[in-house]
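Participant: Residue 3 in UniProt numbering sits at position 3 of the sequence shown, with consecutive numbering throughout.
It is worth saying that the hints were derived from the structure and are not from the lab. Every residue gets a Cβ at the ideal spot worked out from N, C-alpha and C, and that includes glycine. There may be inaccurate statements among the hints.
[To be verified] Computed Cβ-Cβ distance ranges for the label pairs, DEER-style: (1) L38 to F11: 30 to 36 Å; (2) A23 to G66: 38 to 44 Å; (3) A85 to R54: 19 to 25 Å; (4) G52 to R81: 36 to 42 Å.
[Claimed, not checked] Cut-off 25 Å, straight-line C-alpha distance, at most; resulting in silico cross-link-like pairs (SDA-like, lysine to any residue): (5) K79 to F39; (6) K79 to G40; (7) K79 to R27; (8) K74 to Y84; (9) K79 to H62; (10) K74 to A23; (11) K74 to S43; (12) K74 to D64; (13) K79 to F11; (14) K79 to D14; (15) K79 to T13; (16) K79 to L38.
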Amino acid sequence: MFDTVSQLEIFPTDLQMRRVDAARNMRRFYRMSIQPDLFGGASLVREWGRIGYRGQMMIEPHADEGQAVTALMKLARVKQRRGYA
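Construct the entire structure; sequences and hints are all you get.
Facilitator: In structure tokens:
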């Protein structure tokens with residue numbers, strides 16, 4: 001009946017956050033995603049900037065997907081404390 005095996009994802013591999021404060025004219029975005037690399041590891045791709053404009057990007061290599069997910073979750077907590085939702 002089912003040809004492919006589907007596994008439920010517990011930890012996020014893609015995350016998009018925004019911080020909007022009209023009083024301070026602040027409209028920012030922060031995107032993170034985990035991508036496999038060519039060497040068997042995983043990379044945390046981070047993008048940020050002002051909404052509506054091309055932002056900046058940084059790629060952090062990690063030894064495996066577990067370490068990349070841990071880095072993503074730590075960074076998400078920091079961004080939530082700074083007002084991103």
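Participant: Run the structure past the numbered hints and jot down the numbers of the failing ones, going up.
Facilitator: Numbers 1, 4, 5, 6, 10, 16 - these are the hints that the structure violates, sorted from lowest upward.
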